[in-house]
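The residues making up each chain are set out below.
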Amino acid sequence: MKAASSVVRGLPTEVQVEPILAWRSWTLTGRRDGEGLLLRPVTAGSKAWRPREVAQASCRLAWSHEAPNADCSCGLHATRELDFLRRTRCPAVLGRVALWGRVIEHEHGYRARFAYPQRLRLICQFCFWQESAAASKPDVVSWYARDLLVPMCVHHLGVAEANGMRPRRILPAGIVDLRLRETYAVDALAV
Amino acid sequence: MDIGLPKRVIEIEPASLPVPEPAPILEPSVDPLPVPEPAPEPARETTPR
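Sequence order for the protein chains is H and D.
Numbered according to numbering that gives the first Met the number 0, the first sequence spans residues 0 to 190.
Numbered according to numbering that gives the first Met the number 0, the second sequence spans residues 0 to 48.
Heads up, none of these hints are tricks.
In silico lysine to aspartate or glutamate, DMTMM-like type, Cα no more than 25 Å apart, as pairs:
| no. | chain 1 | residue 1 | chain 2 | residue 2 |
| --- | --- | --- | --- | --- |
| 1 | H | Lys46 | H | Asp70 |
| 2 | D | Lys6 | H | Glu65 |
| 3 | H | Lys46 | D | Glu10 |
| 4 | H | Lys46 | H | Glu65 |
| 5 | H | Lys46 | D | Glu12 |
| 6 | D | Lys6 | H | Asp70 |
| 7 | D | Lys6 | H | Glu106 |
| 8 | H | Lys136 | H | Asp146 |
| 9 | H | Lys46 | H | Asp32 |
| 10 | H | Lys136 | H | Asp82 |
| 11 | D | Lys6 | H | Glu17 |
| 12 | H | Lys136 | H | Asp32 |
What the simulated footprint calls covered on chain H by chain D, stretch by stretch (three residues with Cβ under 8 Å from a Cβ of chain D suffice, anywhere in the stretch; the number is not a length):
| no. | stretch |
| --- | --- |
| 13 | 51–62 |
| 14 | 102–116 |
Some but not every residue of chain H turned toward chain D, in silico, with C-beta under 8 Å:
| no. | residue |
| --- | --- |
| 15 | Pro11 |
| 16 | Val14 |
| 17 | Val16 |
| 18 | Ile19 |
| 19 | Arg86 |
| 20 | Ala97 |
No lab work stands behind these hints: they were computed from the structure.
Small disclaimer: the values here were computed from a predicted structure and weren't measured.
Every residue gets a Cβ at the ideal spot worked out from N, C-alpha and C, and that includes glycine.
Pulled out of the complex, with its shape left as it was, chain D reads as follows:
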């Protein structure tokens, strides 16, 4: 895209940057749910050969 010939240079130092703050990292407001312990494996039936 041709934006034509240059006319002037502008040095801009804004007092505050026009950029939003980084997204906040939200911490959970409640305790995490307890993780259930794995159920014990059922004992294998041994079949006599």
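Looking at chain H on its own, in the form it has when it is part of the complex:
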């Protein structure tokens, strides 16, 4: 790594050749048979991360700058620590992502121009919120309207059904997890 002479809004700029690896979560959609899996940002309205294609950041607020911009919040977000993702809304998949291009490093994470997942794993979001990533292994994947797929443990499937969230179809989590990794051509995430 070497220091570069350019400065972005007073921030020091460095140049390197190795992508940064960081943590990220997504929601998941797919067809009722578990095919057509697609990772989607937890922020509604953001672009899906398509299999075998580089995810590229764009700014929804301003067309006059390239993402990420130092004066904006745009860019592909990822965190330095895994536990930081427990604050995210409705995560269905956890992963390690490679970040490159222009990357703005923050106190707790990064905003990048380009990214692609390197390792993926389904999680029960309720166990993840209440306990940890290690304790969030799902048993099933519930299929809901709008092709939303929600991995859950058996306990939280019961809680969801008791509260009126009855899935239209239930798929085995192991098969969906394997299909997801095959679709994106990545390895399993061990946490």
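Given chain H, put chain D in place with the hints provided.
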């Protein structure tokens, strides 16, 4: 999600992209099965009115 204040900018130009190759389009290794010709329609019986 608030990831805190920006600290620095890193310009990363990797030697190789960490993205898998596009999925290969597999061609069939054997000749496709012959499509059977449609059977001729049976001649309609005409019943005198």
